[in-house]
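Undergrad: Build out the structure end to end from the sequences listed, making use of the hints.
Same order as they appear, the protein sequences are chains A and B.
The first sequence begins at 1 in the numbering used here and counts up by one.
The second sequence begins at 276 in the numbering used here and counts up by one.
Please note that a few of the clues may not be correct.
Non-contacting residues of chain B with respect to chain A, defined by C-beta distances greater than 12 Å in every case (computed) [as the list claims (entries may be wrong)]: (1) Ala400; (2) Leu409; (3) Gln515.
Label pairs and their calculated CB-CB ranges [stated by the list, open to error]: (4) Ala376/B with Val78/A: 32 to 40 Å; (5) Gln154/A with Ala405/B: 50 to 58 Å; (6) Ala311/B with Val40/A: 52 to 60 Å; (7) Arg546/B with Val40/A: 38 to 46 Å; (8) Val261/A with Ser308/B: 58 to 66 Å.
Derived from the structure by calculation, the hints contain no laboratory data.
Beta carbons: idealized from backbone N, C-alpha and C, even for Gly.
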Amino acid sequence: MSRTTPALAPDAPPILEQTRGAISLSGVGRSFALGRGRTVTALEELDLEIADGEFVAIVGPSGCGKSTVLRMVAGLDVPTTGTVAVEGRSPRELARSHRLGVAFQEHALLPWASVRANVALPFRLAGRPVDRARVDGLLDLVGLAGFEGARPRQLSGGMRQRAAIARALVLEPDVLLLDEPFGALDAVTRRRMNKELARIWAEQRITTLLVTHDVEEALFLADRVVVMSGRPGRVRHVHQVGLARPRDSSVTRSEEFHEAVDLLTGLLDAESPAP
Amino acid sequence: MSVPTARAATPARPVPARAPVPGPHPAVRSGVSTTAGVVVLLVAAEVLGRTGVLGPSWPPLSDVVTYLGEPARRETVLRAASATVASAGRGLLAGVLAAAAAAAVGLLLPPLRPGLDRLAAILHAVPVIALAPLLITTVGREQTPTVVAGLGAGFVMFVAFSSGLGPAGRASTHDDVFTALGANRWRRLLRLQLPGAVPTVLDGLTLAAPAAVLGATIGEWFGAPRGLGVLIVSAMQNFQTTLLWSAAGCATLLSLAAYGLTTAAQRLAVRRVS
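TA: This is the structure in C-alpha cells:
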C-alpha cells in the first residue's frame, strides 16, 4: 500500500548528494475534528523522502490530502501522528530562518505594492537589505522585465503567478514548495508556464515539492511523481520519471510520456487496480 | 435591443451584455441626480414654510438665508460653528487615538480582545444624557463636547480598527505566505496588517467624522460656554425659530462636509491599496 522509495533511481540528476533526504515525512497522519466528537482522517501512514535537489510532484484526486502534505512541509500545519523534517529540523525552523520559498494557487501578492516591491518582500521580512540586482535579475528570468513598477492588478493571471514564483525564489531557498501554482490559469498559459518553470528550475536545482492534479504537468516537471489515493490519503504509487533534462515540449509528444500519462491517470481513479 | 429588420433572418449577432449607454459619463449622471434630489428637498422645505401648514416653527428656507445675510448674525453663527468644529476635531482625534491604542492592545494581547470588545460596546450603549452629569462634574462644561464627540467617534473607530487588523480582514493565503517566509509579528503588522487595514479604517472615519460633529453639538447642550449646541438651546428657549434653523442647518452642513472629505480620502486610499 504505502510504498516508499528511499533510494533514487540511477538516472536521477547525478550532481545530487543522495545520502539524506532534504524533506522527510515518516508515518505522517493528519485528522481533523469535525465537531460533536467526529473526526475525519485526511492522511494516514504517509512516508516520503525527497532528496537534496530533487523535484517531486504529488498528484491525486481533490480531497486526497496532497495540499495538507505541502502545508505540513511549509510549517503551516502539523501532523497528528508521525514526523515531518526538513533538513533534519522542524519545518517551522526552516521558515523562521527564511530558507523556504512558497507559491500557491492564489498568487497572494500584496495589492498595494509594485511587482518589484512584491518580489523584494522576502528580503524585508528577513530583515535583510534588498538586493536590487537579484530582484531585477529574477524578474528578468521570469519574463517580467519592464513590469517592475506595475501593480498586481495591472498584470494578467500568468504574470501574477510568475511574480509569485520570483518572490518564492528571491532568497535562494533550500526548499521550494508549489501548491497548484498554475491551477487557475488556462491550458495554453499553463503549458507555457510549465516550460518556463522547467527552464528556471534547471538553472537553480532547488529541492522542490509540487502539488498538482495535472498529471502531464507533474511528469513534465518532476524527477518523481507520487500518486496519492484519497480518504484517507496514502501514497498509492511512486513513478520515477526517466525523461532526460533539459526537457522541452518535444518531450510531451514522446511515446514514453504518453504511456506514463495513461498509467498515472488510471491510478488517479480509485477503482482501478494497483499496478 | 436592435429592431428586427429584413436582415434578421441571418443568425443574430450576440448583443453585448453591457452595451455602452449613450449619454454623459456615469459619475456626471450620479452628480446630476444627487443635485436634483437636494433641489427637490430644498424646494419642498421652502414651499412648506411659505404655506405655513407646519405652523410657525417651520419657517421658509429663504427666511433663514435672509437671516444669515446680516453680518452680525452670520458672525454669531460662524463663531459658534468654529467652536463646534474645534471640539469635534479634538474629539475625533482623541477618539481615533484611543481606538487605535485599544485595538493595538487587543492585537498584541489576544486574551484581552473579548473584554475590550465588551467594554467598547457597553460604553457605546450608555446614553449620552446619562453620562452628561458625570462628565460635567469630572471634565467640566468646557471639555464635555470634546469628550462626547470622542466617545461617538471612538467606538466606530475601534470597530473599524479591530475588524481591519483582525484575521478576517485579510485573505488567509497572504498570512500563509508571510508565515512560510518567516515573518515575525512586527513585520507582519507593518507589511501586511496595517496597509490592509487602511480602507476599513478610512471607512470607519467616514462614519466617525459626522458622529464627532453630532457628539460635539450634543455635548454643548449640557452647558458649554459656546458652540452650535448652545446656540440651538438658547434659540429654542427664546423662540428664535430662524436662528434655531440657521444653527441646525450649519451643524448639518458641517456633518456633510466631514462626510464628504473623509469619503474622498477613503476612495483615494482604496484605489491605492487595492
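Undergrad: With reference to the structure, classify each hint as holding or not holding.
TA: Here is what the structure says about each hint:
Non-interface status of alanine 400/B relative to chain A is upheld: no Cβ of that chain comes within 12 Å, the nearest being about 33 Å off. With a least beta-carbon separation of about 43 Å from chain A, leucine 409/B lies farther than 12 Å from that chain, consistent with its non-interface assignment. The beta carbon of glutamine 515/B is kept farther than 12 Å from every beta carbon of chain A, the shortest such distance being approximately 52 Å. The hinted range of 32 to 40 Å is satisfied by alanine 376/B and valine 78/A, whose Cβ atoms lie roughly 34 Å apart.
The supplied range of 50 to 58 Å is met by glutamine 154/A and alanine 405/B, whose beta-carbon atoms lie about 53 Å from each other. For alanine 311/B and valine 40/A, the Cβ-Cβ distance of about 59 Å falls inside the hinted range of 52 to 60 Å, so the restraint holds. Hint check: arginine 546/B to valine 40/A, Cβ distance near 43 Å, so the stated range 38 to 46 Å holds. Checking the proposed 58 to 66 Å range against valine 261/A and serine 308/B shows it holds: the Cβ atoms sit about 59 Å from each other.
Consistency note: the structure conflicts with none of the earlier hints.
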